[in-house]
Amino acid sequence: MILRRRLASGTGRPAQIPSRKFKLRRKTMAVFTAVEALNMALQIEKNGEAFYEAAARKVQDGEIRAVMEDLAVQERRHYKAFQKLTDRVGEPPTLSAPEWEEYDEYVQIALENALFAGPDKALAMADQVQTAEDALRMALGFEKDTLIFFYDLREMMPADEQDIVTQIIGEEKAHVRRLARLLSKRA
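Residues 7 to 193, numbered by the working numbering, are exactly what the sequence shown covers, in order.
The hints are simulated quantities; they were obtained by calculation from the structure and are not laboratory data. Remember, predicted model here, so these are calculated numbers, not experimental data. Treat the hints with care, as some may be off.
To be verified - Between beta-carbon pairs, the in silico distance windows are: (1) Ser190 <-> Ser102: 17 to 27 angstroms; (2) Gln136 <-> Asp166: 45 to 55 angstroms; (3) Gln134 <-> Ser190: 13 to 23 angstroms; (4) Glu139 <-> Glu107: 37 to 47 angstroms.
Unchecked claim - Pairs of lysine to any residue, SDA-like flavour, derived with a Cα cap of 20 angstroms: (5) Lys64 <-> Thr137; (6) Lys52 <-> Thr137; (7) Lys86 <-> Glu177; (8) Lys150 <-> Asp67; (9) Lys52 <-> Lys150; (10) Lys90 <-> Ile175.
In this text, a Cβ means the ideal position worked out from N, Cα and C, and glycines have one as well.
With the hints as extra help, turn the sequences into a complete structure.
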């Protein structure tokens, strides 16, 4: 089930989405649109940028600091690219006011529990960085969590809008490969 998988960040905790309170109708769950996916991507990229900038300030290792700074720049670039993609996507689905309210609340809880949950949490995680390896592990966990989120999100979207999330996934996979290579070189 979406976001109930164990997160890749190493916390081992599933996302906390209260199932009773947010028991959405199947119809509602199937209406994620590319617009919503892109809005989530924008928030995730902003959170990632905040983490990478803060981690770069904490890391003493010049090579890893440069990587963190570069990833912050890439997150900013992704943010701009995702903003441009919003011109391509269709209109959001038609739902009643109560359905939208329930749906919006579900999405917010999913985001808050799935990833950094905003720049404040990203900065708090960056404060825990003590070594270059810490920064790499946290960054890798963030990117893996991002991938899980977008893979699940893509499954919930209409087929004609899945290509946009696939593009987002490709960008995040490149980050995972880069971080994993750097971490394995240090092991």
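Distance restraint between Lys90 and Ile175, which requires alpha-carbon spacing of 20 angstroms or less: Within the cut-off at roughly 16 angstroms; holds.
Return holds or violated for the Cβ distance of Gln136 and Asp166 against the range 45 to 55 angstroms. For Gln136 and Asp166 the Cβ distance comes to about 46 angstroms; the hint holds.
- Task: State, for the Cβ atoms of Gln134 and Ser190, whether the hinted interval 13 to 23 angstroms holds or is violated.
- Result: Holds, since Gln134 and Ser190 (Cβ atoms, about 22 angstroms apart) stay within the stated range.
Quickly compare the C-alpha distance for Lys86 and Glu177 to 20 angstroms and report which way the hint goes. Distance of about 13 angstroms is within 20 angstroms: holds.
Practice item. Sort out whether Thr137 lies within 20 angstroms of Lys52, counting only the CA atoms. Key: 23 angstroms, violated
- Task: Starting from Lys64, check that the Cα of Thr137 is at most 20 angstroms away, please.
- Result: 8 angstroms, holds
> Taking the CB of Glu139 and the CB of Glu107, does the distance hold inside 37 to 47 angstroms?
Replying inline: With Cβ atoms ~44 angstroms apart, the hint holds.
Report task. Compare the distance between the alpha carbons of Lys52 and Lys150 with 20 angstroms, and conclude whether the hinted pair is satisfied. Result -> Distance of about 16 angstroms is within 20 angstroms: holds.
- Item | 17 to 27 angstroms as the expected CB spacing between Ser102 and Ser190, which holds or is violated | With Cβ atoms ~51 angstroms apart, the hint is violated.
Holds or violated: Lys150 and Asp67, Cα atoms, limit 20 angstroms. Between Lys150 and Asp67 the Cα gap is close to 23 angstroms, so the pair fails against 20 angstroms, i.e. violated.
Figure legend: structure checked against the earlier numbered hints; hints not met, in rising order: 1, 6 and 8.
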